[in-house]
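Throw the hints in and build the complete structure from the sequences for me.
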Amino acid sequence: MRSFTVLEDATPAALVDRPVPTPGAGEIRVDIRACGLNFADLLMQKGTYQDTPAAPFTLGLEVAGIVNAVGPQVDDFAVGDRIAVYSGQGGLAEQGVFSADRAVKLPDAMSFEHAAAFLIAYGTSHMALDHRARLQPGETLLVTGAAGGVGLTAVEIGKLMGARVIAHARGAEKLEIARQAGADLLIDASEDLRARLLDLGGADVVYDAIGGEVFKAAFRATNPEGRLLPIGFAGGDVPQIPANHLLVKNLTVIGFYIGGYLKFRPEIMRQSFETLFGWYEQGKLKPHVSHVLPLDRVEEGMELLRSRASTGKVVITP
Numbered sequence: 001m002r003s004f005t006v007l008e009d010a011t012p013a014a015l016v017d018r019p020v021p022t023p024g025a026g027e028i029r030v031d032i033r034a035c036g037l038n039f040a041d042l043l044m045q046k047g048t049y050q051d052t053p054a055a056p057f058t059l060g061l062e063v064a065g066i067v068n069a070v071g072p073q074v075d076d077f078a079v080g081d082r083i084a085v086y087s088g089q090g091g092l093a094e095q096g097v098f099s100a101d102r103a104v105k106l107p108d109a110m111s112f113e114h115a116a117a118f119l120i121a122y123g124t125s126h127m128a129l130d131h132r133a134r135l136q137p138g139e140t141l142l143v144t145g146a147a148g149g150v151g152l153t154a155v156e157i158g159k160l161m162g163a164r165v166i167a168h169a170r171g172a173e174k175l176e177i178a179r180q181a182g183a184d185l186l187i188d189a190s191e192d193l194r195a196r197l198l199d200l201g202g203a204d205v206v207y208d209a210i211g212g213e214v215f216k217a218a219f220r221a222t223n224p225e226g227r228l229l230p231i232g233f234a235g236g237d238v239p240q241i242p243a244n245h246l247l248v249k250n251l252t253v254i255g256f257y258i259g260g261y262l263k264f265r266p267e268i269m270r271q272s273f274e275t276l277f278g279w280y281e282q283g284k285l286k287p288h289v290s291h292v293l294p295l296d297r298v299e300e301g302m303e304l305l306r307s308r309a310s311t312g313k314v315v316i317t318p
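If you use the UniProt record's numbering, the sequence shown corresponds to residues 1 to 318, in order.
A portion of the hints provided could be inaccurate.
What the hints assert, rightly or not - Cut-off 25 Å, straight-line C-alpha distance, at most; resulting in silico cross-link-like pairs (DMTMM-like, lysine to aspartate or glutamate): (1) 216 x 237; (2) 105 x 31; (3) 263 x 51; (4) 46 x 300; (5) 284 x 274; (6) 159 x 113; (7) 263 x 274; (8) 105 x 76; (9) 216 x 188; (10) 286 x 130; (11) 159 x 274; (12) 284 x 173.
Simulated from the structure, these hints should not be mistaken for lab results. Keep in mind that this is a model prediction, so the values were computed, not measured.
See below:
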C-alpha cells in the first residue's frame, strides 16, 4: 500500500510502498477514504511537535473510512462500519491499523470528507471553549486565524454557545468565510489588533492559533477576568507571558492540548464528540473543506497549510 511516511527522524516525508498492516488485540484495520491535514503534520516532519513518534512513521492525525478487519478483543466495531479515528499518525495511507478505543462510528449523513475534517478541529474548539474556558452566553470571544482549520470551528461553536464573536483573519475573502460561519464582527490582520479590539469593548475569551505579536496584542486588550487560550503558534513565535500583567487584570492563561485527553480524561473527549455529532446531525455545524486532493498530491496539500493559502480544512483522499 502507498503511504506518506517519515523514514528518518526530522526529515521530509515521502510517498512510499509499505506492507499492509495486520490488526492486533484491540485494533481495527481501516480502508482509509479521507484524511484531514493539520498544522501538526508540518511540525512532525521537523521533529518539533510535542507528540512526534519515532521514525519511521506515517503522517496523518485524523482519518475516516471503512473497517475491513478486526483484531481480537474488539467488540464495538465490525467489518463494514463507517468510522472516524483520531489516530495521531498513520492517516496518510491507503490502509491503516488503529486502536479501536480511538474510533467513533459516523452519523449516516456525514461524508468521509467531513468526518476527516471534524474530530480534531471541532473537538479542540469545543473542549477548549466549553470545558476549559467556560465561555458564557453574552461574553465576547476573539478568534485569531479565524478562517483556518481550528479557528473557523471556534467561530461556529462560540456562536452556538451564545458568545459575541470577533473574527481576526487576513483579507476580505477569509473574513467573509468567518462571517458566514457566524462571526459578529471582523478585524483584518492588517489592522492594529489591540486598538480595534479595545474600540469594540475588549475580549472576555481569546482563542489564539497564531501566537507571536498577535497573541501579545490580544493579551493587552483582554478584559479583567478574561481567559486566554494559546491553541497554536502558526506564526512561528511562542509568546512569553508577563505574569505581572496577569495579576493586574486578574487574567487566566489556559493551556489546552486535545491529545492529552486521550491519556488522562478520555471521557471528556467522548462527551464532546457526542455533543458535536448531535449538532452536526441537527445542521448546526457545517465543516468547511477548501481543498480535497488525492494522495499523490499530498505535498500540494502540505504547502497549502504552510503558506496559509487554505481556509477551513484540507482533506486527502487515499
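Cross-check of the supplied hints:
no., hint, verdict
1, 216 x 237, "holds (11 Å)"
2, 105 x 31, "holds (14 Å)"
3, 263 x 51, "holds (12 Å)"
4, 46 x 300, "holds (17 Å)"
5, 284 x 274, "holds (14 Å)"
6, 159 x 113, "holds (24 Å)"
7, 263 x 274, "holds (19 Å)"
8, 105 x 76, "holds (9 Å)"
9, 216 x 188, "holds (16 Å)"
10, 286 x 130, "holds (19 Å)"
11, 159 x 274, "holds (19 Å)"
12, 284 x 173, "holds (22 Å)"
Comparing the model with each numbered hint stated earlier shows that all of them hold.
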